[in-house]
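Keeping the supplied structure of chain A fixed, place chains B and C upon it in accordance with the hints.
One-letter residues, chain by chain:
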Amino acid sequence: MSFPNEHSFAPFIGPFDPCPPITCKTYSTPPHLYMCFQPLNLPQFSPQEALRHGTLWPALYSPYESKWGKGRC
Amino acid sequence: MSSTSKPHCDPEYYELLEKLQALDFVLVELNLFLDTHPDDLASIQQFNQLTQERTQLANHFQQLYGPLQNFGRAYSKYPWEWSQAPWPWQV
Amino acid sequence: MWIYEKKLQYPVRVGKCDIRMAKYLAEQYGGADGELSAALRYLNQRYTIPDKVIGLLNDIGTEEFAHLEMIATMIYKLTKDATVEELEAAGMGAYYVNHDKALYYQNAGGVPWTATYIQAKGDPIADLYEDIAAEEKARATYQWLIDMTDDVDLQDGLKFLREREIIHSLRFREAVEILKDDREHKKIF
Chain A
1 MSFPNEHSFA PFIGPFDPCP PITCKTYSTP PHLYMCFQPL NLPQFSPQEA LRHGTLWPAL
61 YSPYESKWGK GRC
Chain B
74 MSSTSKPHCD PEYYELLEKL QALDFVLVEL NLFLDTHPDD LASIQQFNQL TQERTQLANH
134 FQQLYGPLQN FGRAYSKYPW EWSQAPWPWQ V
Chain C
165 MWIYEKKLQY PVRVGKCDIR MAKYLAEQYG GADGELSAAL RYLNQRYTIP DKVIGLLNDI
225 GTEEFAHLEM IATMIYKLTK DATVEELEAA GMGAYYVNHD KALYYQNAGG VPWTATYIQA
285 KGDPIADLYE DIAAEEKARA TYQWLIDMTD DVDLQDGLKF LREREIIHSL RFREAVEILK
345 DDREHKKIF
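Protein chains in written order, with this note's numbering: chain A, 1 to 73; chain B, 74 to 164; chain C, 165 to 353.
In isolation and in its complexed conformation, chain A is listed as follows (with noise of 0.2 Å):
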């Protein structure tokens, strides 16, 4: 049941690349992705997490970061 919800890749360093390289990209890969068609009965927020989170369903939560102020990571 548990999947991630990011992947991640090394971009092909080059030998006259001009910038220090990031060696380390992510993509999402949000929970729907590894659902074909939502089951019955699945956990619920209560209405006021749900709000918050944007979806009823924790299994369907997907968490997102801003990667401003993180540098090359």
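Everything labelled a hint here was simulated from the structure, so no lab data went into it. Hints are supplied without guarantee of correctness; some may be wrong.
FRET-style restraints, in silico, Cβ to Cβ [said to hold, decoys possible]:
#  : chain 1 : residue 1 : chain 2 : residue 2 : range
1  : C       : Asp-264   : A       : Gly-14    : 42 to 48 Å
2  : B       : Pro-159   : C       : Tyr-293   : 39 to 45 Å
3  : C       : Ala-279   : B       : Ser-78    : 41 to 47 Å
4  : B       : Pro-159   : C       : Ile-167   : 17 to 23 Å
5  : C       : Gly-274   : A       : Pro-15    : 34 to 40 Å
6  : B       : Pro-152   : A       : His-7     : 18 to 24 Å
7  : A       : Pro-15    : C       : Arg-184   : 34 to 40 Å
8  : A       : Asp-17    : C       : Gly-274   : 38 to 44 Å
9  : C       : Thr-212   : B       : Pro-152   : 42 to 48 Å
10 : A       : Glu-49    : C       : Ala-290   : 35 to 41 Å
11 : C       : Thr-278   : A       : Pro-43    : 29 to 35 Å
12 : B       : Leu-137   : C       : Lys-265   : 43 to 49 Å
13 : A       : Glu-49    : B       : Ser-156   : 33 to 39 Å
No more than 27 Å apart at the CA atoms, straight line, and that leaves these computed lysine-lysine pairs for DSS-like [what the hints assert, rightly or not]:
#  : chain 1 : residue 1 : chain 2 : residue 2
14 : C       : Lys-241   : B       : Lys-79
15 : C       : Lys-216   : C       : Lys-241
16 : A       : Lys-67    : C       : Lys-180
17 : C       : Lys-301   : A       : Lys-25
18 : C       : Lys-285   : C       : Lys-170
19 : C       : Lys-344   : A       : Lys-70
20 : B       : Lys-150   : C       : Lys-170
So the derived list for chain A, only partly shown, Cβ under 7 Å to chain C, looks like this [as the list claims (entries may be wrong)]:
#  : residue
21 : Cys-19
22 : Thr-23
23 : Cys-24
24 : Thr-26
25 : Thr-29
26 : Pro-30
27 : Tyr-34
28 : Gly-54
29 : Lys-67
For glycine and all other residues, C-beta sits at the position ideal for the given N, C-alpha and C.
The following block gives chains B and C in isolation, referenced to the frame of chain A:
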């Protein structure tokens, strides 16, 4: 009446508004879910139950802060309340 | 017809005066994969899609207008009290000359919205696949917008909108499954 004149200065306005937004959000989620799962009786029951709660909360909200919907979906006090600020993007 | 409801779908807060972000948020206002495109795309496709999925297109299309209003609220709040000097410094001088602070359907690069952003092919699978792609592209746009700011309040609203793209994408994928297979969906679980 004082609460209707400047709801955006009343902390209870924001509290009630978010409660309503939360209930309505669950109803949006259940509605979209039922659009693709029309035979799920439990979700239909939850939808109907929350619709009832939502109606009560919306009525209470409108008593305090004026109409939520136009075109005859909510009553008005005097003077005409609908066109009064604040609008959603202003609060 | 539509009835207007005098509230936002989600409480929009903006933590600081940042005109630069108003300029970038235009991508989701009048951009190719923005909320206007999404709303008009789905509501237009619903006329020729099979009955079984009309409701879904109708309801997601309607929700997109609520999202358009959230983006408009962010842009409005970010620019409302800006001086002309601040607008000029943030790269919105040219925008001001044409529009003052009025909202305009253009993307982050200033290109006006066009109907060529949205397709209506009449083929249900082609249309739904476009819708799925549009949701994923909008999700990516929200990620890059979240990346461009350290304002946690603004990020909060954008994270809500990003999550909605995920739910919509799932629903459109379910719609494809419904059209692929007439059997009881319960068997799929």
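### Message
Need the list of violated hint numbers for this structure, in ascending order.
### Response
Violated: hints 6, 8, 11, 12, 15, 18, 19, 21, 22, 23, 24, 25, 27.
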